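*Asks:* Now for the letters of each chain:
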Amino acid sequence: MTRLAVTGVGATSPAGVGVSTLAEAAALGHCVAANPISEAAVAVLRKIRRSAAITSYAVTAVEEVLRDRGVSDFGDCALIAGVTNGALNFSTGFHHTLVTEAKDTASPTLFSESVLNAPAGNASIIFNIRGPVHSIIGGPSVAVKALMLAATLIETRRAQRAIVVCAEERNELSSFCYSRLNPKAAWVFSEGAGAVLIEPVDELRPKLCTISGYAAYTIPDSPQLALQRAIDGALSMADLAAGDIGVAVSDYKTTPLFREIPTLSFSDCLGYAFCVSSMWNIILAAMACAGGCPVNLLFAAGLKKYAKHSEINHVIIYAAEEDGDASAIILSGVSES
Amino acid sequence: MTGVWVTAMGLVAPLRPFDTIDAFWGALTSGEDSIKLQAPPLLNEKKEWLTASIETGQALRPEDKFFYIAEAALKMAIGDSGLSAGKLQGADLIIGSILGNVLSRERQLIDGNIQHRTAEASLSYPVRYLGQRFAIGGRLSAISTACASGTDAVGIAARSIATGEAEVVIAGGIDVLSDFALAGFNLLQALTEDKVRPFDKKRTGLALGEGAAFLVLEAERHALARGAKCYGRVLGYASRADASHLTAPHREGRGLASAITAALSQSGLRQYDINYINAHGTATVYNDLMETKAIKLALGEAAYTTYVSSTKSMLGHAFGASGVIEALCALMAINTGVIPPTINYRYPDPQCDLNYVPNTAKATPVGAAMSLSAGFGGQNAAVIFGRPPQI
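Just so you know, the sequences run in chain order W and B.
With the numbering used here as the guide, the letters of the first sequence map in order to residues 1 to 337.
With the numbering used here as the guide, the letters of the second sequence map in order to residues 1001 to 1391.
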């Protein structure tokens, strides 16, 4: 089994562009979820000036990853995108024009840029990524599933490295639908993107953390069992016991599973951005494992309060959906690898 | 790639409602054209469009067709597989689709009622619904890589078996005709008002279609242990990006050639070993030229002795479903020794100079067949099938 590391991170969020703003917002804990993402900050590239917001967010996050890592050749790089709803503002706009006006008045851009793989396609074009490019669709568990697919591509030597990006944009229809599906939940919908670069562990290559284990399960009749199996699967792959985990991270949809382990959630601060929320959790955990960022203090504070470890070693990030889709991933600090 | 068998198939496609793959194959290899002028699914328009539509024979609302054909095709595949309920509990399901049940969303807008069938419009809903409906208990995944979605679903499924992650994966593709797609492709000037003539000098574009198809992929050991039949082995799969343009293919076929080369390398076959290619073959000027260049780039001189045909000339372009439908056609070519034709072919294009099996099926042994897909976003995918071991 090839050992993999997170070697770069990037984010676009209501806190602003960049992982540092994401980490600062998470550390401060003030709710920024409703903040608009500045168009000026994300629309930096002419090629995507007509694209949907989701594409701008994804491309901006990927750009930060690549800048962070300093890689320039992407011939053997894979790009896996996780998407929940996609460019719903464009597709709804196109549909609306069809229904209310003449067909010929609709903009073809609303059509072509609304396909679910548009964020990944545009990112591959802009950054000349020519390896496998996939877009997988689903809720918050899709972030880990995308990482798993990327890991398989590296393991089977179909790619030397892989960028995994999750992106989502706010949309009235999806906000309404999800609120209606769960009227008791205090949803604060959010948007943005999160991206990570994963590569085989190489002692000479800087890394934020290693990926120790992951798993995903779908059990429609029992979401809780699916989540338990995903966590057990990730622990088994990492060869760890639950007691070895220092911190757990999830979103506010998920009931904390561990009594002895502090479970952090950044949803009150960053809002709920579907699959992107899980990717933000992964990014924040990776940064905490690497140390030296504001959010690290939050993770460390949690550790001191609840656990015997004095420094962050293993962090589990998990996500579950009411339809029985669940996933978990364990990131380990560099000292543990 | 070794040890991956295709042990069952299910399909609902245009032409006419068929109960069996053999009936579908008989019609296809006899060159039946399912493309005709039809009204759009939901919007009340005077204009008719050349489309390949599935006639279910049921009094269905248009927005119910997606799940109707999906269930029918999956039921056929599961029935063909002979998998027990216990085995299905451990199986994974992966579905490729571009638009999902897009007609449900259109209906919401037409009715002005966004509360209507909200969940069904989501693309991740079909895989969850089908998983529950057929008690498929493994991982459920939805992939959307534009018109390569179906081929990628098959390839990713095969890879997860080859790496030992799964023993049984059901891979499918589903998409239906919609006003959304008709208007979109029309605005992109990709639709023909003539016949669909892939690789013909006077080709003018594609006709949209619809369909649902599923393949049951199984680890060889697992299939042998339960005495399953084998339609063929998955020998290679690769996906590569053009990194060029969102809606237009790379003019020299860079990404597709790279995908073919990588899939071939994985299969361990040589260029001359591929007897048949089921082409993406949309009949747009740029796709067919690009695809011809890509095949020549990847296969060299062997490109000229390999049969290449486009079943979209008869079935239309079924979006994300087309990759699985065409994979099934490649497997049937191996099993029957008959290559389906490219119909409506009249005028050879000097730039498209391969053997496109014009108008009439070709009877010839097929040891290995490849299916190609390309799509928006610069997506390209190639999957290679080989003979089942008992043939």
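Simulated from the structure, these hints should not be mistaken for laboratory data.
Quick caveat: nothing in here was measured; it's all calculated off a predicted structure.
Yeah, the Cβ is synthetic: ideal placement off N, Cα and C, and Gly gets one too.
Hints are not guaranteed to be accurate.
[Stated by the list, open to error] What the simulated footprint calls covered on chain W by chain B, stretch by stretch (three residues with Cβ under 8 Å from a Cβ of chain B suffice, anywhere in the stretch; the number is not a length):
#1 81-94
#2 145-157
#3 201-212
#4 264-276
*Asks:* Now, for every hint given, state plainly whether the structure supports it.
*Replies:* Status of each hint after checking the structure:
no. : hint    : in the structure
1   : 81-94   : holds (count 7)
2   : 145-157 : holds (count 5)
3   : 201-212 : violated (count 0)
4   : 264-276 : violated (count 0)
The structure is inconsistent with the numbered hints 3 and 4, although it conforms to all the rest.
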